[in-house]
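Participant: Here is what each chain is made of, one letter per residue.
Protein chains: 2
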Amino acid sequence: MERHFDEELRNLKHRLLEMADVAQEMISIAIRSLVERREELTKEVFELEDRVNHYEVELEEECIRLLSTRQPVAKDLRLITATLKIITDLERVADQAVNIAELATYLLKEPPLKPLIDIPHMATLAQRMLRNSLEAFVRHDAALAGEVCRDDDEVDRINDQIFRELLTYMMEDPKSITRAMDLILVSRNLERIADHATNIAEDVIFIEEGKNIKHHLRDEELPSSI
Amino acid sequence: MERHFDEELRNLKHRLLEMADVAQEMISIAIRSLVERREELTKEVFELEDRVNHYEVELEEECIRLLSTRQPVAKDLRLITATLKIITDLERVADQAVNIAELATYLLKEPPLKPLIDIPHMATLAQRMLRNSLEAFVRHDAALAGEVCRDDDEVDRINDQIFRELLTYMMEDPKSITRAMDLILVSRNLERIADHATNIAEDVIFIEEGKNIKHHLRDEELPSSI
Chain V
1 MERHFDEELR
11 NLKHRLLEMA
21 DVAQEMISIA
31 IRSLVERREE
41 LTKEVFELED
51 RVNHYEVELE
61 EECIRLLSTR
71 QPVAKDLRLI
81 TATLKIITDL
91 ERVADQAVNI
101 AELATYLLKE
111 PPLKPLIDIP
121 HMATLAQRML
131 RNSLEAFVRH
141 DAALAGEVCR
151 DDDEVDRIND
161 QIFRELLTYM
171 MEDPKSITRA
181 MDLILVSRNL
191 ERIADHATNI
201 AEDVIFIEEG
211 KNIKHHLRDE
221 ELPSSI
Chain Y
1 MERHFDEELR
11 NLKHRLLEMA
21 DVAQEMISIA
31 IRSLVERREE
41 LTKEVFELED
51 RVNHYEVELE
61 EECIRLLSTR
71 QPVAKDLRLI
81 TATLKIITDL
91 ERVADQAVNI
101 AELATYLLKE
111 PPLKPLIDIP
121 HMATLAQRML
131 RNSLEAFVRH
141 DAALAGEVCR
151 DDDEVDRIND
161 QIFRELLTYM
171 MEDPKSITRA
181 MDLILVSRNL
191 ERIADHATNI
201 AEDVIFIEEG
211 KNIKHHLRDE
221 ELPSSI
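Listed in order, the protein sequences are those of chains V and Y. In this text, residue positions in the first sequence follow this note's numbering: the first is 1, and each later residue adds one. In this text, residue positions in the second sequence follow this note's numbering: the first is 1, and each later residue adds one.
Next up, chain V with everything else stripped away, as it sits in the complex:
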C-alpha cells in the first residue's frame, strides 16, 4: 500500500518539475524576445501560458485527491500542502513572464533605448533561484534553499540599480520616458519572479527544519552548506 503512495508522491513531484520547466522556458523566451528584438517570440510565451494553466488545474486536483484518499500525516502531509503553494507560485511566475512578453511587444515598436545588460543578468539570476528552489524541494536540501534566499538580496540590488539608471534617462530626455518605464516594469517582474523562488525556498526550509523563517529572515538563520 505505502509503496503505491510513494510512487504517487514521486509522480506529483515529477509533474511539478515539468510545470516549473515550462515557466522557466517562458522567462527565457520573453527575455530573448526583448534582447534579440524578435517580436515573433512573444507569441510563444503566450502559447506556453496555457500549458502552465493546465498543469495548475491538474496538479491542484491531484493534491486534493491525494489528501482525501491517502489521508497523509506528518512529512507527507507537509509535502502536499507545500506543493499546493508552489503550484500557485509557479502560475504567478508564468504570469510575470507574460507581463514581460507584453512589455516586449511595446518596446520592440520603438528603437532600443540602451543595450540591455543588467536585465538579462537579472533574469539569469532569477531563473537560477527558481531552479534551485525546486531542486531544494525535491531533494530535501535546506542548504540549497538557504542559497536561494541569499541570492534574493542580489536581485533586489540589481533591481534598484536598474531603476536608478533608467530614472536618469527619463530626466535627461522626455522622449525616453515610455521606454524607460517599460524597462523598469520588466525589471520589477523579474524581481517578483525571484520573490516567488524565495517563497518556495522558505517553504522548503520550513518543511526540512521545521522552522518558519519567513518573517524574521536573517543571514545567520539561513541553513548553510559549509
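Everything hinted at is true.
Identical chains share a label here; the pair holds if one copy fits it or two copies do between them.
Each computed DMTMM-like pair below joins lysine to aspartate or glutamate, with the alpha-carbon atoms no more than 20 Å apart: (1) Lys13 with Glu135; (2) Lys75 with Glu58; (3) Lys85 with Glu56; (4) Lys85 with Glu58; (5) Lys109 with Asp173; (6) Lys75 with Asp141.
Keep in mind the hints are simulated off the structure, nothing from the lab.
We have chain V; now place chain Y onto it with these hints.
Facilitator: Frame of chain V; chain Y shown alone:
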C-alpha cells in the same frame, strides 16, 4: 465528534476574517497617509504587518493540524485547502499595503504632484472586492464571488487611466518624474490587491460550483445573483 470539527472550522474562518480585517486596515491607513499627507501613519502600517504575519503562521499551522487530525474529505477538505491559499493571498495583500506606505514616505518628502482622486477611489474599490471575496467564502456565496471578478475589470481600467495621466505629467515636466513614478507604483500595488481578491473569488466559485473558471474567465460564465 462531527460537532467539534464543525466548531473548529467555524473558528478557522473566524480567525481568517480577523486576518483580513488587519490587512484591510493596513490598506486604509496607507492610503490615508498619502491623501492626508501624514507621514506618522505609515509607521502604523509597518506595525500591523507583524500581526498579519503572526496570523499567517498560526492559521497555516491550524490548517495542517486539521488536515492531519480530522482527515477531512469532500467539501471540508476543499474548505481547508482554499483557506491555505487565501492565507497566502492575504499575506501578500499586506505586503502591497507596506509597499504603498513605503512609497508614501518618499512622496510626502516632496510637494504634492496633483490632488489624489483616482487612487483613493481605486483603493475603495479594491477593498470592497477583498471584503466581498471573503464574505463570499464564509457565506458560500458564488454570486457575490462573481461580482468580485467583474469589479476587477473596473480596477484595471482605472489603473490604465492613472498610468496614462501620470505619463503625460512626466513628459511635460521632468521634475515630476520621480513623484509620478511613485504614484504609478501605488496604483499598481492597488491593482495587485484587487488581483488577490479575484484569486480568492475564483477559489470560492470553484468550491461552490465545482468549476474552475480561473483560466477561461468570461462574463457569461460568472455566477450571477439575478
